[in-house]
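Engineer: Residue-level listing of the chains:
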Amino acid sequence: MAVISRGFTGRRREQSPDLPPGQFLTEDFPVLSAGPTPDIDTADWEFTIRTESGQTHSWTWDQLMALPIEDIGTDIHCVTRWSKLGTSWRGVSLDTLFADVDTTDAYVMAHSYGGYTTNLPLEDLLDGKAWIAFEFDGEPLHPEHGGPARLLVPHLYFWKSAKWIRGLVMHSDDDPGFWEQNGYHIYGDPWREQRYW
Amino acid sequence: MTSGWKVGTVVSTRTETPTGRSITIDVPGWPGNIAGQHVDVRLSAPDGYQAVRSYSIASAGDDEWLQLAVDRLPDGEVSPYLVDELQNGDQLELRGPLGGWFVWRPEVDGVPQTTDVQLIGGGSGIVPLVAMIRAHAASGSSAKFRLLYSVRTPEDVFFADELKALAGDTLEITWVYTRQAPEGWPTPAGRVTLDALRDATFPASGSPAVFVCGPTGFVESVATWLVELGHEPASVKTERFGGA
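Which chain is which? The protein sequence lines are E and X, in order.
Read left to right, the first sequence gives residues 58 to 254 (my numbering).
Read left to right, the second sequence gives residues 93 to 336 (my numbering).
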C-alpha cells in the first residue's frame, strides 16, 4: 500500500492507452547520452553486421540510401520516464539489412561511434520491429539524437535504440551492453517496466 | 540493486534559490549511495494516482537518509510539489540508488583515487557534482577537484555557502554568471566559452576524469569543446536534462 503524499493531487493524469506504466508524456525531445556527442561525417560513415563466422556485411552512407527506405510512425519510451507518442522517422528496416546475413546466433550487440554498446535479441530486430533511422520529423537526425543514423527499436526502452550506430555483432549469449552493465535491465520492455536490474 | 519502494519522511527543507530547494529525507532501509547516483521519487494522491520522476542525489554515503535538491519546472507535475508544497513530516516513496556510470568513488577496491577530477555544472546540474564534492571532502581524498559552476545569477547558486566553505587546497571553484554577475565581478555576465573552459579546467594532458551535468544545450557545448581541447571522449561523462 503506497503512502499518500499530503497535498499531492497530480496535474497531468495522462490516460492514453499508449502510455506504458510509470511514463509521462512530453512534447519535448530530451537527450540521454553518457558522453560527448561524436561528430560523424556521412562520407566516413559505415555500418557493418558481423557474424559468428567472422563474415561481415557493410554499407556506406550512399549504399544505405540506395536501399528501400521506410516511413515509420511510432511511440518512443525513455527509461527516464518520458514518452513521446506519434513520432515520425525514416530509415532502412533491419529485415532488409539482414536479408543476406547467415547466422545461428540469437543475440546482437549494437556498437556505436563513440564506444556505446547495447544488447538485444535478434528476434527483436526483425519482422518490421527495427530500423537504421536517419530522419526524424522530416529533418536529418540531429547529432545529439544520434545522427547521422541510429538504431530504432521503439518497442523497447529507448536506450536500446543506439545513437550513432556503426555496427551489429552477432553473439551466442545475451551479454550486457553499456547501460545494461550500469544498472539498466537486460531486455527493457516498457510495458513490463523493465527499467533496472 | 533496486529492490522495491521505500517510504521516506522529510526531515528538513531549505530554500536554495528562488526556484529551488534542498530536501533531506529519512529513508529507513536506504542502502546508501555512491556520489552521482540518482533516485526515483514516487508521489501518490489520495485517489491512488501516482507520478514518478528521477532526481540526482546531492548526498553520498552509507547513511539511511539522503538529500535531494530540486529546481521547479514551470510546467512540471512533481517538481512544483517538491519545491512549494512538501513539508517536514511528509512522506513519499523512493527507489534506488540508480545509475553506475556518472559516479565518483573516493576509492576503488580499497585504493584511494588520485586522478584529478573536473566537475562542470550548469544550473541545477550541480546536484550530483555536489555529492561528489561532499564525498571527496568527507573521505579526505587527496585527488584534486576543480568545479566550473555556471549559473544565471548569484541568487541561483545551490549550496552556495557550503561550496564556498569547501573551496581550498583540493577544491578550486570557478563561477560563471550567465545573466547577472555579482557587484564588482571582474568579468561581465555571459555564457561559458571555449576560452573560459580552457582557462578554468584541468588540461587534457593530465587525463582528468570529467563530469558534466546541466541543461542539454550547455552539456552539448561543453562536452564538444572538451573533446576539441583534447580530452578523451571516454573520460568525459555527461548527464543532460531538458529537450533539444
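Hints are computed from structural coordinates only; laboratory data are not their basis.
Note that the structure is predicted; figures quoted are calculated from it, not measured.
C-beta: ideal position from N, C-alpha, C; glycine also.
A hint or two may mislead.
[Stated by the list, open to error] Taking CB as the label site, the calculated pair distances span: (1) E:P125 <-> X:D139: 46 to 54 Å; (2) E:P78 <-> X:L321: 53 to 61 Å; (3) E:P74 <-> X:P295: 51 to 59 Å; (4) X:P123 <-> E:I61: 34 to 42 Å; (5) X:G192 <-> E:D230: 48 to 56 Å; (6) E:Q120 <-> X:A259: 27 to 35 Å; (7) E:W248 <-> X:T101: 17 to 25 Å; (8) X:D291 <-> E:V158: 44 to 52 Å.
[What the hints assert, rightly or not] No farther apart than 30 Å at their CA atoms in a straight line, the calculated lysine-lysine pairs in the BS3-like style are these: (9) E:K141 <-> X:K98; (10) X:K236 <-> X:K256; (11) X:K236 <-> E:K141; (12) E:K141 <-> E:K186; (13) X:K256 <-> X:K329; (14) X:K98 <-> X:K236.
[What the hints assert, rightly or not] Examples of chain E residues toward chain X, derived with CB under 8 Å: (15) G64; (16) F65; (17) R68; (18) A100; (19) G224; (20) H242; (21) I243.
Engineer: Now tell me, hint by hint, if it's right for this structure.
Structural biologist: Against the structure, the hints:
1. E:P125 <-> X:D139: 46 to 54 Å: Holds: the Cβ-Cβ distance is about 50 Å, inside 46 to 54 Å.
2. E:P78 <-> X:L321: 53 to 61 Å: 43 Å, violated
3. E:P74 <-> X:P295: 51 to 59 Å: With a Cβ separation near 54 Å, P74 of chain E and P295 of chain X satisfy 51 to 59 Å, so the hint holds.
4. X:P123 <-> E:I61: 34 to 42 Å: 25 Å, violated
5. X:G192 <-> E:D230: 48 to 56 Å: With Cβ atoms ~21 Å apart, the hint is violated.
6. E:Q120 <-> X:A259: 27 to 35 Å: 55 Å, violated
7. E:W248 <-> X:T101: 17 to 25 Å: Given range 17 to 25 Å: violated, Cβ gap about 33 Å.
8. X:D291 <-> E:V158: 44 to 52 Å: 51 Å, holds
9. E:K141 <-> X:K98: Status holds; Cα separation ~29 Å.
10. X:K236 <-> X:K256: 16 Å, holds
11. X:K236 <-> E:K141: Cα-Cα ~42 Å, so violated.
12. E:K141 <-> E:K186: Holds. K141 of chain E to K186 of chain E sits at ~18 Å (cutoff 30 Å).
13. X:K256 <-> X:K329: 25 Å, holds
14. X:K98 <-> X:K236: 36 Å, violated
15. G64: Check passed: Cβ of G64 of chain E comes within 5 Å of chain X, closer than 8 Å.
16. F65: It holds, given that the least Cβ distance between F65 of chain E and chain X is near 5 Å, below 8 Å.
17. R68: 5 Å, holds
18. A100: For A100 of chain E, the interface hint is violated, since the closest Cβ of chain X sits about 20 Å away, which is over 8 Å.
19. G224: 18 Å, violated
20. H242: At about 10 Å, which exceeds the 8 Å cut-off, the nearest Cβ of chain X leaves the hint on H242 of chain E violated.
21. I243: 13 Å, violated
In this structure, the hints that do not hold are numbers 2, 4, 5, 6, 7, 11, 14, 18, 19, 20, 21, in rising order.
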